[in-house]
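For reference, the chains in residue letters:
2 protein chains.
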Amino acid sequence: MTPLARELEQLLAPGDRLLDPADCWTYGADNSKLHAVPDAVAFPRDADMVRELVRLCRRLGVALTSRGRGTGTTGAAVPDHGGLVVSFEHMNRILEVDPDNRWLIAEPGATNGEIQQAAGATGFFWPPDPTSSAYCTLGGNLAYNSAGPHAVKYGTPRDNTLGLSGVAGTGEAFRTGVHTTKGVVGYDLTRLLIGSEGTLAVLTEATLRLTPKPEATRLIQAVYRDVGAAARAVSRLMARAEVPSALEFMDHSAITMIRAYAPDCPLPAAAGAILMIETDGTEAGIEATTAGIRRAAEGEGCVQTLSADTPAEAQALWAVRKALSPALRTVAPKKINEDVVVPVSRIPDLIAGLDRLAAEHAIKIVNFGHAGNGNIHVNLLVNPDDPAELAAAERCLDGVFTLVLSLGGTLSGEHGIGLVKRPYISRELDPVALGLMAGIKRTFDPDNILNPGKAPGPA
Amino acid sequence: MTPLARELEQLLAPGDRLLDPADCWTYGADNSKLHAVPDAVAFPRDADMVRELVRLCRRLGVALTSRGRGTGTTGAAVPDHGGLVVSFEHMNRILEVDPDNRWLIAEPGATNGEIQQAAGATGFFWPPDPTSSAYCTLGGNLAYNSAGPHAVKYGTPRDNTLGLSGVAGTGEAFRTGVHTTKGVVGYDLTRLLIGSEGTLAVLTEATLRLTPKPEATRLIQAVYRDVGAAARAVSRLMARAEVPSALEFMDHSAITMIRAYAPDCPLPAAAGAILMIETDGTEAGIEATTAGIRRAAEGEGCVQTLSADTPAEAQALWAVRKALSPALRTVAPKKINEDVVVPVSRIPDLIAGLDRLAAEHAIKIVNFGHAGNGNIHVNLLVNPDDPAELAAAERCLDGVFTLVLSLGGTLSGEHGIGLVKRPYISRELDPVALGLMAGIKRTFDPDNILNPGKAPGPA
Chain A
1 MTPLARELEQ
11 LLAPGDRLLD
21 PADCWTYGAD
31 NSKLHAVPDA
41 VAFPRDADMV
51 RELVRLCRRL
61 GVALTSRGRG
71 TGTTGAAVPD
81 HGGLVVSFEH
91 MNRILEVDPD
101 NRWLIAEPGA
111 TNGEIQQAAG
121 ATGFFWPPDP
131 TSSAYCTLGG
141 NLAYNSAGPH
151 AVKYGTPRDN
161 TLGLSGVAGT
171 GEAFRTGVHT
181 TKGVVGYDLT
191 RLLIGSEGTL
201 AVLTEATLRL
211 TPKPEATRLI
221 QAVYRDVGAA
231 ARAVSRLMAR
241 AEVPSALEFM
251 DHSAITMIRA
261 YAPDCPLPAA
271 AGAILMIETD
281 GTEAGIEATT
291 AGIRRAAEGE
301 GCVQTLSADT
311 PAEAQALWAV
321 RKALSPALRT
331 VAPKKINEDV
341 VVPVSRIPDL
351 IAGLDRLAAE
361 HAIKIVNFGH
371 AGNGNIHVNL
381 LVNPDDPAEL
391 AAAERCLDGV
401 FTLVLSLGGT
411 LSGEHGIGLV
421 KRPYISRELD
431 PVALGLMAGI
441 KRTFDPDNIL
451 NPGKAPGPA
Chain B
1 MTPLARELEQ
11 LLAPGDRLLD
21 PADCWTYGAD
31 NSKLHAVPDA
41 VAFPRDADMV
51 RELVRLCRRL
61 GVALTSRGRG
71 TGTTGAAVPD
81 HGGLVVSFEH
91 MNRILEVDPD
101 NRWLIAEPGA
111 TNGEIQQAAG
121 ATGFFWPPDP
131 TSSAYCTLGG
141 NLAYNSAGPH
151 AVKYGTPRDN
161 TLGLSGVAGT
171 GEAFRTGVHT
181 TKGVVGYDLT
191 RLLIGSEGTL
201 AVLTEATLRL
211 TPKPEATRLI
221 QAVYRDVGAA
231 ARAVSRLMAR
241 AEVPSALEFM
251 DHSAITMIRA
261 YAPDCPLPAA
271 AGAILMIETD
281 GTEAGIEATT
291 AGIRRAAEGE
301 GCVQTLSADT
311 PAEAQALWAV
321 RKALSPALRT
331 VAPKKINEDV
341 VVPVSRIPDL
351 IAGLDRLAAE
361 HAIKIVNFGH
371 AGNGNIHVNL
381 LVNPDDPAEL
391 AAAERCLDGV
401 FTLVLSLGGT
411 LSGEHGIGLV
421 KRPYISRELD
431 PVALGLMAGI
441 KRTFDPDNIL
451 NPGKAPGPA
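Those sequence lines, one after another, are chains A and B.
Just so you know, UniProt numbering puts 192 at position 192 of the first sequence, and the rest follows in order with no gaps.
Just so you know, UniProt numbering puts 149 at position 149 of the second sequence, and the rest follows in order with no gaps.
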């Protein structure tokens, strides 16, 4: 038995720990498909126990990797340095919902869906809602600053979090932020921790800023001749004072794939790109808002727009988008899913460049995503049993990142760095800024025990 | 001649420096009325020169205080450690406006008004617009995270800045952030620098996120029997999906003062509190939006609401609010102007507590401010020639801060800490968080030359 296992046996009840490697196995993976078995898994029930666990790991000099439900795609939750995985399954309470002051306090293990449900009961929502909302956790949303489709109007977790509690790598517990929408006393540690992928502190509680639910929503499907026309429509839509509440994009490869997989999906023959545009507002104002946004979507290169006025009609329109994921799985057993971001006006250059890279490396690339933020999910479809194709995909990916940076973009909008993007971050980040980040890491975690080797932290 | 003066003579053209103490005198104050004469003033023209100046100060071990137009109220720009003041009068260019991607790049010496003008020419605005917009600078707005009345709908500088360039206390230049509305590669240094009052880096450039100008705005004046009724109306207004674009508050003391100073101002006798409510939206939607917001404002304790449909009518309604500043100056030559924040539902408790403190210490207190954020400007009116009253005001202020913290609030929404609030920050901030902030300060500025003794930095 390792010293870690021996001490955990003393510290935690049997239901709050796993010490057998076979039991620990499933806590070694996330959705990146990378895997490493931790030495032990702990399920703390409160912030005091989190503090004890951090102190224990620091004393023993072993790594501590925080974990939600493992829906991350970059390996940030994979314990490749061994040590302890801290899973938040037992710290998943909604502690307080205050509609008068528009906040909700929750533990990191609560799922995004549970938070939406608790907020929804009082007429509010928390704007970040990744596609995995039903099972991804608040802790993961904060670790990667994950937002999903509504960020175009409502922002990311950094825009929707008031304060945090956590434990630094020193083993000291601390609070950040305020319970108010303004506050400038001291440095902004709240936003520094959001997006830090568990490398600075283990979060134990978050105070989230709530937004009132809109009275009404509408959905428009707009079909374009080509991606350039769709991207110019995105620019027109984003120049209006009333932005859509979601502005999702699919390129021609995605449409080809949907046609092959779901030939009944009603799409005009000339469809070269699609925008799914959600609007929201008051009952009194929604028709005017939607009409204005639809007019902006219609223009040069627009083949047709369809509007859904009822939930059933909306569901029919979303069916096209929803056909994409099973189609992708059918075509290729492995997809390398990147979530690059470029300035909105550069989307056509991005898609054209991706087409060139796909041809050059003989790799199928399918693109869709959150066009209003310029956040495009670039999917390289590969056969994992073909080593030559895997190597070509790696070279292609390298070209994708070079392209994105040449367009003034960033390598990740909401998936983070984790393990898989570490080789690339020095291409994007200023070397002096990287040095400052390393200093911040040393301040919070002097012994480098918190998720070592992830995000911009040292190996 | 000091070594600093000698080197500045070599480094800078005569028009880009001040070395005579008489010339330096005016660069020693801000709107806190505190004053200290710097040893020299430099007016750099580009980021390279800023870097040279930081390196010079580091080598000589003298303090460097960055300065905009000195509209700050907390002494953050007062060079109480002597050394060099760096004034951004010659770095005030708008470098780029990109309406397609909704950004504007500017140097820190540009005024907020100049930025609004440049953004406005393409149909956009930058949401932060403090009352001093015409003469306060971007650098100061970023230093204090200053926002003004529209933050209730559009957020503060932290919500509206994409990236920064700056020079750390090490003398190294660096970039932070992205040109996109999403990005999670590396720690969020952009927001860490915003609100840090020049203690971590000297900013040389900022990429600001623009918002399309609304097509239409309307103004409602709502008069309440008492502050409790007004605060409950604020809660009702903030629970709606469509928030006002401004939600300003004046308490009974402010109304009494206006009555005395401007007896012609049309206010009902029963006025115990006033809300000024601005709405914005599309031409098509503004009437419905305004009607909905007006209905929410009307309710228990509401004496009357007036709505302005033309600019002239709006000006007449604003006249009441605008009478306040000259009234305050007439009543008392000195006001101690605090900008505390409490959760919106606690505004009645705050005002009741302030009434008690005013009576207890025999100090006149007038309250107004940004009610939608719970950000109340608390003004203690004192005669600076009366030492007993000044001492009473200090004791009263101490009570104000205790009250605010007991209500879950924060000591500053947008004025910052500077010199005047330093004695109080350890009451609000967690000691471990303060230690982490000190570590961040050491990382950015190991020799403590950047604005020493301000904000949470060491003395």
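To be clear, the hints were calculated from the coordinates, so they are not data collected in a lab.
Every value quoted in this text rests on a predicted model; they were computed, and no experiment measured them.
Heads up, some of the hints might be wrong.
Identical chains blur together in the list; that is why a pair holds if it fits in one copy or across any two.
[As the list claims (entries may be wrong)] List time: in silico DMTMM-like cross-link candidates among lysine to aspartate or glutamate, alpha-carbon distance up to 20 angstroms:
id, residue 1, residue 2
1, K334, E89
2, K335, D385
3, K364, E114
4, K335, D16
5, K33, E248
6, K153, D100
Exercise. List, from low to high, the hint numbers that the structure doesn't satisfy.
Key: Going through the list in order, the structure violates hints 1, 3, 4, 5 and respects the others.
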